[in-house]
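Keeping their order, the protein sequence lines are chains D and C. The first sequence stops at residue 226 when you use the numbering used here, and every number in between is there. The second sequence stops at residue 226 when you use the numbering used here, and every number in between is there.
Hints listed in this document are in silico derivations from the structure and should not be mistaken for laboratory results. Don't take every hint at face value.
Identical chains blur together in the list; that is why a pair holds if it fits in one copy or across any two.
In silico BS3-like links for lysine-lysine, alpha-carbon gap of 30 angstroms or less [as the list claims (entries may be wrong)]: (1) K195 / K129; (2) K129 / K150; (3) K129 / K156.
What you are looking at is a predicted structure, and each value in this text was computed from that prediction instead of being measured.
2 protein chains.
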Amino acid sequence: MHKLVAIYKQPEDTSTFDEHYFHVHAPLAKKMPGLKKIEVTRFTGTPMGDNAPYYLQADLYFSDRSSLDAAMGSKEGRSAAKDVMGFAGKLVTMMVGEVVTEEDLV
Amino acid sequence: MHKLVAIYKQPEDTSTFDEHYFHVHAPLAKKMPGLKKIEVTRFTGTPMGDNAPYYLQADLYFSDRSSLDAAMGSKEGRSAAKDVMGFAGKLVTMMVGEVVTEEDLV
């Protein structure tokens, strides 16, 4: 499994960010061909109780690297990428990764 | 679902890091009470083909925030925390987050 990870720094206005993220951006991202699963995490702090350095993380799962690359190169992928650069270009860090351990424990 | 996220910057020596991470640290982390799932991702780059700012991310899933807090405060949690600070204190960023969207799409 390969993931496209988008991790966002704290926005100035979280309600404006959330409005665009959940109602415009996520629906665009979900149209990417080959996308198996999406998981969005909102960070609430550090384990020590400090502010988290990031606000939100989206993990987009694909079965392999070539599916991920195809999705990013697709019309839907380019549309989602253009949207993210428009509303969160200064906040977002994008990375590609491989899931090397995935284990259910309970 | 709540997650304890540990995200590691690029280590100087990835094979020494991996050796400790997968053979010492991960087994300690997996002993944390209430841990539902562990997912470890190795970042390979950015979508643009640049080096990723991070090397590895571990997502530890708990059913809720109080289970996560109890796990961190447990003997096993303190042991895992002590270990991570010893081998990767300068590389790791730890955050707590809530999974707000989890959707299987294919």
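Each hint, compared with the structure:
no., hint, in the structure
1, K195 / K129, "within (27 angstroms within a copy, 32 angstroms between copies)"
2, K129 / K150, "both (21 angstroms within a copy, 29 angstroms between copies)"
3, K129 / K156, "both (25 angstroms within a copy, 27 angstroms between copies)"
Violated hints: none; the structure is consistent with every hint.
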